[in-house]
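The residues making up each chain are set out below.
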Amino acid sequence: MTKVLTKHFDEPKLHELETYRRLGGYKALEKALGLDRAKILEEVKTSNLRGLGGAGFPTGMKWSTVPPEDKVPGPRYVVVNADESEPGCYKDRVLIDRAPHQLIEGLLIASYVIGAKDSFIFIRGEYQAQYEVLEKALAEAEKAGLMGKNILGKGFDCRIELMRGAGAYISGLDTALLETMEGKKAWPRQPPPFPTVAGLMAKPTVVNNVETLSMLPHIVEHGGKWFADLGVPKSGGTLLLSISGHVERPGVYEFPMGVKLRDALAAAGGVRGGRRLKGVIPGGTSMPPLMEKDLDISLDFDSVRAAGTFLGAGGMIVLDETADAVAVAHNIERFLAHESCGQCTPCREGGFWTEEILERLMDGEGVPADLENLTRVGTNITGKVICALGDTVGMVINGYMSRYPEDFKKRIPSNGQG
Amino acid sequence: MTVKAPAKSPFTPEQEKTLVAWTKRYPFSNMGLVEALRSVQEWNRQILPEHAARVAEIFALPFSRVWGVATFFPSFTQWKTGKHRVGLCHGLSCWMAGSTKMETCLEKTLGVAEKTTTADGKFSWETMECLGACEQAPALLVNDRLVGAATEESIKKLKEGAK
Chain A
1 MTKVLTKHFD EPKLHELETY RRLGGYKALE KALGLDRAKI LEEVKTSNLR GLGGAGFPTG
61 MKWSTVPPED KVPGPRYVVV NADESEPGCY KDRVLIDRAP HQLIEGLLIA SYVIGAKDSF
121 IFIRGEYQAQ YEVLEKALAE AEKAGLMGKN ILGKGFDCRI ELMRGAGAYI SGLDTALLET
181 MEGKKAWPRQ PPPFPTVAGL MAKPTVVNNV ETLSMLPHIV EHGGKWFADL GVPKSGGTLL
241 LSISGHVERP GVYEFPMGVK LRDALAAAGG VRGGRRLKGV IPGGTSMPPL MEKDLDISLD
301 FDSVRAAGTF LGAGGMIVLD ETADAVAVAH NIERFLAHES CGQCTPCREG GFWTEEILER
361 LMDGEGVPAD LENLTRVGTN ITGKVICALG DTVGMVINGY MSRYPEDFKK RIPSNGQG
Chain B
1001 MTVKAPAKSP FTPEQEKTLV AWTKRYPFSN MGLVEALRSV QEWNRQILPE HAARVAEIFA
1061 LPFSRVWGVA TFFPSFTQWK TGKHRVGLCH GLSCWMAGST KMETCLEKTL GVAEKTTTAD
1121 GKFSWETMEC LGACEQAPAL LVNDRLVGAA TEESIKKLKE GAK
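Chain order of the listed sequences is A and B.
No gaps in the numbering here: position 15 of the first sequence is 15 in this note's numbering, and each next residue is one more.
No gaps in the numbering here: position 121 of the second sequence is 1121 in this note's numbering, and each next residue is one more.
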């Protein structure tokens, strides 16, 4: 099976510049700096690379919405979103730990195409160890003339700076991330304008995920078509799944885009203890689960969406038959209510009440109206808030209630009087 | 609420230098604010209005802006954390792997309730949202460093091994 990002992961010193270069690292950057920027953008479009931080937006299309320098002069930025905080996702942590230079090389290629002389890696504060890995890798890169002024003697200048977050999940949403970087509360912005037009300090800014940018050296090296052919139509390359939960061998696995759910599960050793599968959260806890009947679906953005949920950032949590849907939904809604930034009333209040009602069900004090209220509250949030966190509050509760109605009904005492 | 910076800085001269350095690290001074507050939290194990007021002065920002940020982010606390700030993940995978039991274990082993610090100032513990270590569930974080899956044993060792 073709591996792209994790191909050299059995090299113990891959995180060091010397090893990375010995294995061909930074050759793609050298190639890129000799190419016309428009040509690289074309290759990225051809590659069908899509944002692997959760949204699945085509990367080439995002880049092409940055206004050209002759129309909007002045600085433009590329920001790496390394604020991986979606419960179930940890592949960016592993990518940084094992291959920081792959990310830096990808970021430099993106910066060259966008015309960014200042680029940033925004990493969650809890990843202090990974922050230090990046600090060291950047120092190595700078010393070797790969970062800073006149990179590889090709006249391209780009400085990469690191910045840490302070524990808020919402900082991982692009516009909230930019607010955090500007020294503000992480309140999402209401687009338009999108960050590519007015992002960091109102300058054109591309925000890309760690995994997305780590793909770029390979696209430049082998071409967009090669990458597209690894995946499925409209979604090229490979994807990393962070697998955890009721599974035999949790870990990060790389698959071609479009791998069957059944095969991904098998790679991780299958459901623990040979138990029966109850569901698989495909992309992190904000995404409703896939069911046993979905085992043969193809894991790519469009197929998962057609099955009524989202591939997200590939944070796969396996639930076996012992999992209770009400308790699982309660854990997720508690998280979302805690992480709501409070800006939009439907999310702030609706998330709180969703958690409260679920807690009542858990305590055995539910009344029949609770189920209707959960649906009503959820439906009244989705689509009526600025960002995806609020949408998720409704999507999760309605997703679990429609998939596991029996688990919810069981929680209403039979006298039904509360 | 407006708080004026105290006549005497609550920071040491060295710390003052670090804060000023954060105003210069990025292309715009405000971009250093969250990092500066991270430093304040690390030094004092809490951020109080007097700290925020001095930071506001250094960054030439209104107090309300700095206090708003200091009270928004979960890493910043107004209560004083222990020297060893222990976080227990209770995200879905960690909760499925028994994080609730580990809460009881932390309370018993450290002898304090959640978000409370031991009398000697050494430890505090709190539940945290997903730490990004779901393969090591239930994950523990000590002072922003992942220490892997929590067990009763590992929590006891953590207490005994800490300086």
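Keep in mind that the hints were calculated from the coordinates and are not lab data.
Careful, some of the hints might be misleading.
[Unchecked claim] Only pairs whose alpha carbons sit at most 30 angstroms apart, straight line, appear in this in silico DSS-like list of lysine-lysine:
| id | chain 1 | residue 1 | chain 2 | residue 2 |
| --- | --- | --- | --- | --- |
| 1 | B | 1024 | A | 203 |
| 2 | B | 1017 | A | 184 |
| 3 | B | 1024 | A | 117 |
| 4 | B | 1017 | A | 143 |
| 5 | B | 1008 | A | 184 |
| 6 | B | 1008 | A | 143 |
| 7 | A | 184 | A | 45 |
| 8 | B | 1017 | A | 149 |
Here the structure is a predicted model, which means the values were calculated and not measured.
Going down the list of hints, with the structure as the test:
1. Annotation: proposed proximity of residue 1024 of chain B to residue 203 of chain A holds, straight-line Cα distance about 19 angstroms (limit 30 angstroms).
2. For the suggested pair residue 1017 of chain B and residue 184 of chain A, the alpha carbons sit about 22 angstroms apart, so the restraint of at most 30 angstroms is met.
3. For a cut-off of 30 angstroms, the pair hint linking residue 1024 of chain B to residue 117 of chain A stands: about 17 angstroms separates their Cα positions.
4. With a CA separation close to 26 angstroms, the supplied pair residue 1017 of chain B and residue 143 of chain A stays within the 30 angstroms bound.
5. A C-alpha spacing of about 26 angstroms is found between residue 1008 of chain B and residue 184 of chain A, which places the hinted pair at or below 30 angstroms, so the restraint holds.
6. Between residue 1008 of chain B and residue 143 of chain A the alpha-carbon distance is near 41 angstroms, which puts this suggested pair outside the 30 angstroms criterion.
7. A C-alpha spacing of about 34 angstroms is found between residue 184 of chain A and residue 45 of chain A, which places the hinted pair above 30 angstroms, so the restraint is violated.
8. Between residue 1017 of chain B and residue 149 of chain A the CA atoms are separated by roughly 27 angstroms; this keeps the pair inside 30 angstroms, and the hint holds.
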